[in-house]
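One letter stands for each residue in the lines below.
There are 2 protein chains.
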Amino acid sequence: MKQNKTSISSKCKRSRCPVACMLDILGDKWTLLVVRDMFFGKHTFKELQQSMEKIPSNILADRLKRLQKEKIIDRTLYQERPRRYAYNLTQKGLDLKPVMQSLIAWSNKYNPDTYDMSKVK
Amino acid sequence: MKQNKTSISSKCKRSRCPVACMLDILGDKWTLLVVRDMFFGKHTFKELQQSMEKIPSNILADRLKRLQKEKIIDRTLYQERPRRYAYNLTQKGLDLKPVMQSLIAWSNKYNPDTYDMSKVK
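Top line first, the protein sequences correspond to chains U and B. Offset between the first sequence (1-based) and this note's numbering: plus 52. Offset between the second sequence (1-based) and this note's numbering: plus 52.
Some hints could be false.
Since the list can't tell identical chains apart, any single copy or any two copies may satisfy a pair.
[Unchecked claim] Below are the DSS-like pairs computed for lysine-lysine, each with C-alpha atoms no more than 25 Å apart in a straight line:
no., residue 1, residue 2
1, LYS65, LYS106
2, LYS81, LYS123
3, LYS149, LYS117
4, LYS161, LYS123
In case anyone wonders, no lab produced these hints; they're calculated from the structure.
Whole structure, please, built from the sequences with the hints as guidance.
Encoded structure:
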């Protein structure tokens, strides 16, 4: 299929700037917290729901859908009745590690009250 | 003044997690675009208003105030009548460079339609 290389990608809503495109996906108060929790070994809806920040379940459901749509996470069925899914970071999601590490370093530096989380796996 | 080290900092609204505290300040679709434009040499309200993403002026005014409050930027008067300010990144703001670089690298990797902005000054 012919593709117009000058057109804005479906993922880029506002411009072709990589910062803007990233913020179109991850620019809110919750999405990166879901990613954070997956880096720290949480995988089920129930586990993710028990975040320190008490993410509302409708927001969690919405962000999981969005992260799947963007192929940052995928899900696998681990229980049939009732149907339960485990969510995992894809390679695209795992590649957010440097982003997480740099923002953790910045936050730790400028807000001493924050937990030292520099050892993201 | 005695400080309760276990209390949540005024900057940490939801938890003491550095990711959450950073998102409390920068977790929206616009704030990092203002920071981006300052990294690329834009300093006046007028210059910042002319972003590719056409940031609404009320949002720009709000984000500039918030960034000043968080000491990520400061401002200097460069014209008396009418009063005009130039906005600059503080050291805290400049220290966001690794965050910007890592998210640009991620976005460039996974969305080939994005501009190559890997050479952030």
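Verification of the hints:
1. LYS65 to LYS106: between (29 Å within a copy, 12 Å between copies)
2. LYS81 to LYS123: So LYS81 and LYS123 pass the 25 Å test inside a copy (20 Å) and across (20 Å) alike.
3. LYS149 to LYS117: within (20 Å within a copy, 30 Å between copies)
4. LYS161 to LYS123: Between. Shortest inter-copy distance 13 Å satisfies the 25 Å Cα cut-off; intra-copy 31 Å does not.
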